[in-house]
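**Q** What follows is the residue order along each chain.
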Amino acid sequence: MVAKREDARVAAAKIDARRLFNTALLYLTVAVVSLIIVFPVYWMMISTFQPSKYILRFPPPLLPQELYFAQFAELFSEHPIAKWLRNSFLIAAMTMLLCMALSVLGAFALSNLRWPGRNLFGLFLLVTQMLPEVLILIPLYILYRRLNMLNSIPSLALIDAAFILPICIWILKGVFDNVPPEVLDASVVDGCTELGALWRIVLPLSAPGLAAVAVVAFFFAWNEYLYAGIMLSSGEFMPASVGLSTLKAIAQTPVEQYMAAGLVFSVLPVLFYLVMQKYIVSGLTAGAVKG
Amino acid sequence: MSEHVEADALTGPPRGVKARPLLRRRYLLPFALVLPIVIYEGLLIVYPIVQGIFGSFTRIELASSAATTWVGWDNYERMFSDPAFWKVIRVTLLFTGLVIVVALTVGLLTALLFNRPFRFRPFARGMLMMPWAIPEVPVVMIFIWILSPQFGVVNILARMLPGVTKNPQWLQVPELAMGWMVLISSWKAFPFYSLVILAALQAIPQELYESARVDGANRLQLFWNITFPGIGSTLELLVVLAAIFSFKQFTIIFLMTGGGPSGTTETIVIRIFNTAFRFYDYSYATALGVAGFVVSLAVALVFIMMQVRRAEDSA
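Protein chains in written order, with the working numbering: chain A, 136 to 426; chain B, 39 to 353.
Next up, chain B with everything else stripped away, as it sits in the complex:
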């Protein structure tokens, strides 16, 4: 009997099979296994978040030994009436939106290209993954060098444009700086999306294409009626993931522009960092952090709801 129950407990994940009532003692093991993880993540992730929410209602003095004082909604009142905060929100939306569009478009196009059979394809795919595999700090180093106003290789291209006679100050002009932040972040991110889309493309049954071709469908029709529906749910998921990843982007922007010129590339994560570690205004920085937390939690919930829906569809 007891062996029977054990076997039952081990057969998960459930695939539409109803669980037989289990002995209470059976749950001891999973809880014991999971408890250290919950405590660990609780201490290092959840507790700091709670502390941060609490801290955003106080005035924190780290330098002096003065006690933290309760200030109520002061930090939030300051935040919402601060034009700089709304500028940060606009910059964040612009950056995140542009990276989603650019990275996913390039990811989709390269996936469609690399889905076609050709020689050296495994090699070409390895190349495609290169930007994703390189750590962010060397990426920053490469692009600082490529964008150098004196010797940067990108100036060769810029000089080919009509009317450009001097090497541009790539990271000093607001529009150019934002453009490069989007391009570099997308360059780093798109291989991941491309790989995911490739996997979805390969899951589309080839017979669909063959029978549609027999019926005389052209390429565009094939794409709109077979390919696009086939990868639609994957693309949806990737939009949300791309939103999360680009919202988190810190290192590239921080090391290349620090948020400048004059705040035009300062997304909320950069702003939080600068407020805390440049201006030592920890309380206001935690309030900004709570604002960022609310946004990312909302996006994460969208992702989770899509996951649950997918799980239900496939069950």
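This is chain A alone, in the form it adopts within the complex:
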């Protein structure tokens, strides 16, 4: 009797030990994988927040030795980074407004209205979203040159909006699809026009989707490098993505300033992308996958 109870206890302990081992293994794997993934970001932080005398030695210490914050002031006083950020902000804001206005129209037509050519319109958007930007760069550059539209912030915003608009429409379509058709029917029975229904019913119900479109459009233009570099060659209009790429680490710019610049530029997109990831994924896969 006693021996039997003892056996059961040993068996239970064995199972417990195995479960503990599995759990430990799981946590260890998660920790190692996360470390590898996040290490480059960690290294950016480390290199930003300590004086470069610690980081400019080999091998560099893997843990921070001293905290240091003067690099931000130095960065802003030694480089026109405030102007770059302001230019980026202007381009991004214009792109965002244009995209929001147009994507509401497109998504409403694609999601809530039925008309011949609707599928064709969806495909048209899908294809324009998939072409490499560089393919259109040369003809567009020649066109802009002829029309004297180079070196102008609104002209660049026009291009950025054209590239991101299809994704924005797909995001909003997915959101509009969730508006129950009965609600729309009811409003139309009550004498509302379609546009009235869009304004009074669909849009208020789709606030998070609109926010997602704003975020996607804004930060697409904020991050965009290729067109900004070619279309805004004059220093006056240079946005931060292009400006940062002109900084040379160590040789001209101290490492802690160089990495601080990267950090300043990344904070906003990282925050907003992480919040809106679900919508962005559904837009990028044209609604095939809801993240």
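If you're looking for bench data, these hints aren't it; they were derived computationally from the structure. A portion of the hints provided could be inaccurate.
In silico SDA-like pairs for lysine to any residue, Cα to Cα no more than 20 Å straight-line [what the hints assert, rightly or not]:
#, chain 1, residue 1, chain 2, residue 2
1, A, K383, A, V262
2, A, K188, B, S186
3, A, K413, B, M168
4, B, K286, B, V337
5, B, K286, A, I365
Quick list of simulated restraints, FRET-style, between CB atoms [what the hints assert, rightly or not]:
#, chain 1, residue 1, chain 2, residue 2, range
6, A, K383, B, A105, 28 to 34 Å
7, A, D312, B, Y85, 27 to 33 Å
8, B, V337, A, K383, 32 to 38 Å
9, A, K149, B, A336, 54 to 60 Å
10, A, L409, B, A196, 30 to 36 Å
11, A, A159, B, A336, 44 to 50 Å
12, B, V88, A, G331, 34 to 40 Å
13, A, L406, B, L100, 39 to 45 Å
14, B, V346, A, K383, 45 to 51 Å
15, A, P315, B, L100, 25 to 31 Å
16, A, L409, B, V88, 52 to 58 Å
Simulated coverage check for chain B against chain A, where a stretch passes if three residues somewhere in it have a Cβ under 8 Å from a Cβ of chain A [what the hints assert, rightly or not]:
#, stretch
17, 168–182
18, 201–213
It should be emphasised that the depicted structure is a prediction, and the values quoted were computed from it without experimental measurement. Heads up, the beta-carbon is just placed ideally off N, CA and C, and yes, glycines get one too.
Please arrange chain B on chain A, whose structure you already have, making use of the hints.
**A** Same frame as chain A, now just chain B:
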């Protein structure tokens, strides 16, 4: 009556319901809504493409005011007989293929890992998405610094390998440069694939696993017979998307190697850029652009066909 028709027009998307014949006037609104978008995308995307196709048959002189002249197939003859073009194609295929394999494998493995329940999982998932959320230019800055031959932190790892006594010139050796371009592009891209695969994993009904376990299936069998079929169509879709995204990759390669050393990381998008804006050979660059356009259109069509098939399956 008219209210009835309006209601009908608003009930889309159609879910297997036959559309009642609508009044012609009903189509006015959708066309009016869509027209500005079609014109806008037409002017800034379609028109330049048509111009590009046209331009690839001409000699374009931007610097002088000389008129563009029609040269027929000259640019294409030059392209197909140019060994450098075929090298660019090989590099593009190698880069795209490797990024698809690496990014999707890592994406799948992390998705399987992060699909298991553990504490701090939301936090860990946020970390996982980090590389995807950081803009490309700062990514380039981080890796330029990490790969610095003098002080780069990655050299600590390299020095642990037997036989490595000096810090390698990471971006000067062809194989290493290509390897890093693939790794960095995959690091940037895999969280997106991981997130999509996670969503597919969570859509697999748990009861399937439970009943299979009752029948005595082991883990490997569970994976091959339930998990893999469950996410199969998502993986297919992601292969095509990954092909599109990595084919488009410009900023990371351009800013880190510019296509070098000696063209070993020069994919077609880099080549197009260099031809136009370094060598000012716009006509030849547009011909290369048309070649790239044909390839990406083909891949996009594959994606669309898969989409249509999925839509039919779910309908």
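**Q** Enumerate the violated hints, using their earlier numbering and listing them in ascending order.
**A** 1, 6, 15, 16 and 18
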